[in-house]
Amino acid sequence: MQENVDNTKKSGITRRFFMGWGLAIVIGMASLAFFLLTVLRMPFPFLLPGKSGRFKIGTMADLPPGRTKYFEDDQVYVFSDQDGIFAISAVCTHLGCIVSKDDNGFVCPCHGSRYNLEGKLEKGPAPKDLPWYSVSRLPNGQLIVDKKKSVKPGVKFI
Amino acid sequence: MKILLYISSIIIIIFSGLYLYQENIAPEWRSHQLTYIDMLEEKSDPETIQASYSFPVKLRQIYLPEMNRVDRCVSCHVTMEDPRFEKEENPLMAHPGEYLEKHDPEKYGCTICHDGQGRAVNWKDAAADEPDVYWTTPILRKPFLEANCYHCHVDLLKETPYYSLGKQYFETGGCLGCHKRDGKGGYLGPELRGLGDASSYIKFPVKDFNQNTFTQLNYNRNLAYIFESVRFPGAQPEETLMFDFKFSDEDARAITVYIKSLTAYPDGTQRLSQKPVSALPFIKKGQETFHLYCTACHGKKGKGGVKNPNYAKDYIPKLNTLSEIMFLYKVEDRNAVISTLETFGDLLDADPKPDFRGFFKAIAKYMSVKSIILNGHIVEKKDSDGPTPINMPTWEKSLSDDEVFSVIAYLISLYDQ
Amino acid sequence: MRKADLEETPEGAIKRSLVNLARLPRHLKSSVMRHGAKDAGRLKSQLILSSIFLHIHSIKTHRFSLRWNYTFGLGIMCIGLFAILSLSGFLLMIYYKPDTAQAYSSIKDLIYVIPSGRLVRNIHRWAAHLMVIASFLHMARVFYTGAYKRGREFNWNIGLALFVLTLGLSFTGYLLPWDQLAYWATTIGVNIAASPTELTDALNITGFFDIGTKLKHLLLGADQIANDALIRFYFLHCILLPFFMTLFVAIHIWRIRKNGGLSRPDCIDEEWLKGTPENNKVNNATKSGLFQHTDDSVKTKRSDAENLVHSIPHAFLKEFVAVVFILAITVALSSLFDAPLKEPANLFIPENPAKAPWYLVGIQELVSYSAFMGGIGIPIIGLFVLALIPYIDRDKGAIGIWFENKTGIRVTKLSACYALICCVTMLAFTIVFGWLRAWFPDIPQFLIILINPGTILVLMFAAWSLFVLQRYDSIRMGAMALFTCFFIAVIILTYFASVHRGPNWDFYWWPSLWANH
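Which chain is which? The protein sequence lines are D, F and Y, in order. For any residue, its number in the numbering used here is found by taking its place in the first sequence, counting from 1, and adding 988. For any residue, its number in the numbering used here is found by taking its place in the second sequence, counting from 1, and adding 373. For any residue, its number in the numbering used here is found by taking its place in the third sequence, counting from 1, and adding 14.
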């Protein structure tokens, strides 16, 4: 089999043909591509079903210092102390079990990971600390926790 | 051919581009959210200016799978819970009243109270109340909005004056003499349970029965149908047994609100009732039953005066003279019969029998009255070829014995009044 | 590129793997294309010879086949529409939930918040409509150019099957949105399928041979259209029918290729080739066989070899234009007119008028005379006759020419007028005077099945066809007369039933006169 890459051997008719049609074909292809781009957006939804990750935890008055609340639906512990209010995830960073709280901190029932009261990892197979979620105040005084936004451990809402 | 290819390609690009523009740049919610960001900056509170930077322009929704609802109203009404926007125009207005404090929108959504089409993201489709398009649940405005409170609440709320008035009319007007509510009541008219769920297409009012009224009801065909049936029973269908009660527009509206609340679907929520239902005194119970089932035909307090079309005697009999018919002229006799009814139920079961002279005469009449209530009565026609007059329905299946005895007792007690 | 395999390979397995990894792009290309760069003529030939997708064409195409007003590109438009429908269908399937509780709201979501959801749904709807029209016209084109002859008889029948599949796909897709329109149109369609009960009732054998109800249960899995029916229609629409569609399309195209490309006349008039791409290369070589096509320099044995042009680019380009054109029409229609979505299906409140999808309303009109005859009898007779035509009409007439000759044109015109008059008269008569049941209320149903406007029209057409057969002493003319009658009747009945039938299937001059419901 011969290797021949000499394009000049193309017949004249073909070249003339493509000179005339070249632009049309390019535009035609471009329109198809544009159309495909338009419709292939479809698998990427604007809105995801499911919880928004934001939930109300009450007003400042509901959370005096020293108070601890567990929000079962969203699996978040909310603490209030002298420095402010903070929210810690109750989902173990190891394999997603729900940790339980005791006087010394959190303990995971699945593989025994232990975290202290600030969510810092103390022992066990879990790779990292429990994340802290952002707490903020709505204009009407309601406090909300946003699970989509993590904050550095130690950042408390005053 | 080349030209055709050029034209076709350009058409594809233009129309795809147009669609992308409509979907991503032109939508209403986008401009509302942009306005919101501008307004936030105007409000010049350092903390909120920060908030405006972190406010992404995007579609928003409240997702309530357990109620099969998705409410995207929050895509435009972003300031719903922001008291600083109290005085702004809709859609950027704070929700009036204190409703949202008890009804967290994240848990209940919007359409559970307001109806409308929660999935839509433009006002026209979300309101779903255009005159000539048939929408399932057009948005409810005041005062009809009150009806939706009672999909969950059972006890009367002070915020719903129309509903309370409508309910009062309903429960003293004898509507259940012909209609059923929650499966209980007469059978001459249609069942009312679920009438308020009727999406607009199920029942149609005569479209141009009163264009003005139709406009006042926000083109909501369901409301218009209910309103029309209450206000002008003969409008559709023309041959109806229902009397024209000559309600004023305002009263008819109140009754419409009440009937609109009669839902067959509890919306996935539980009924909330605080007050325990207390047992009523015997006569009072009879009165209530009479109000629920009988007043429409036999008149308030059994005074009669209601015309029965094509009935040989013209008027439906009055019942406040039952004591006389039963020969119970004396107070003691009446009280004796009433207390026998209360204690033993049927007079025939009374043991010992009341000790007065006319008792056996009374019992004969009592038997015939009871039989008419339980088994109904087919009345004589005036013109034998004419339409059928309203016959006394049978109540054997719908009323308990206790209710029947209490009604008889109530009718006997009407003698003085 | 075979050389590439023979290139020096270093010692050591690891080195060899690394070298092979480096050569991956080249090997990948050669494994797909099976050859490297070539001189132009051979490249074009090899491209086609070695690609399963391009092989649907022969290496060279006859210039006559490229005449736009011979085929109007209808066949390739059908393929294009099928591709558009498949693509949009895949995308819709991502979000659609075939469950009566969720189907309707998933369509609402498509309309309101899914990126491009409304557009894709509209495209799916419009492309389906266009495909019904295009395949119908394609069938007419094939018929009027006599392209069902000489070995193409079987392919004509495959085409017929494809037409029925197209209708089936459109119909099964109709139920999926679960709105009032869908529900009641499907109810009508399913009851048409159940109409043999009318015949078995008339013959008094329903008791032990209830084929109508069996058919209905097969479609619905229940007595009523409900969740089971939705799943069955979903399965039919998304899996079973598309599978057969793809299979039959493959056979259809393969047969065209095996039958020597599109049909064309034996002697080609220079006039007909005007406007088609020219090939002014003089062929002077003498090779024959497979290689006759591979190079411009090879002369072929065929007498009109100078009228063959390379399929690349000429044929593919025309097809590209046709596909882009039909896509443009679909996209434009989809942007301008939204697919309808009415209220959610309500099992208790029928639409009035409850009409079948538009491509079945013609049949619905016939069904209004007799459910069995209109819904099953006449369509089956029609399909049967269409299937038989190529086997009966074996005259050695000219093929590849529209209407064959001047007589053909005259016969077609006359038949069209005849069919028009027959249909309009029959419809007018039925509307004004009613039918047998109106005159003899006790008439047995069996007689109505046999004698109704539909069967009378069929008889009139058959008589006309026999007359033409006799008059011109040509089977082709008789077939042409019959097909024209069928073609016109379908159009008139469809038009009439869509526009002039209103609530309760009464006659109305215009839909705006329907009483407002």
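The hints are simulated quantities; they were obtained by calculation from the structure and are not laboratory data. Note that the coordinates shown come from a computational prediction; the quantities given were computed from them, not determined experimentally. There's no promise every hint is true.
Stated by the list, open to error - List of simulated lysine-lysine pairs, DSS-like, C-alpha gap at most 27 Å:
1) D:1044 / F:475
2) Y:111 / F:431
3) F:770 / D:1044
4) F:431 / D:1137
5) D:1136 / F:726
6) D:1039 / F:431
7) F:680 / D:1135
Said to hold, decoys possible - Where chain Y lies over chain F, by a calculated footprint (3+ residues, C-beta under 8 Å):
8) 377-391
9) 439-447
For each residue, glycine too, the CB sits at the ideal point set by N, CA and C.
Here is what the structure says about each hint:
no.: 1; hint: D:1044 / F:475; verdict: 12 Å, holds
no.: 2; hint: Y:111 / F:431; verdict: 25 Å, holds
no.: 3; hint: F:770 / D:1044; verdict: 51 Å, violated
no.: 4; hint: F:431 / D:1137; verdict: 17 Å, holds
no.: 5; hint: D:1136 / F:726; verdict: 79 Å, violated
no.: 6; hint: D:1039 / F:431; verdict: 16 Å, holds
no.: 7; hint: F:680 / D:1135; verdict: 69 Å, violated
no.: 8; hint: 377-391; verdict: holds (count 10)
no.: 9; hint: 439-447; verdict: holds (count 3)
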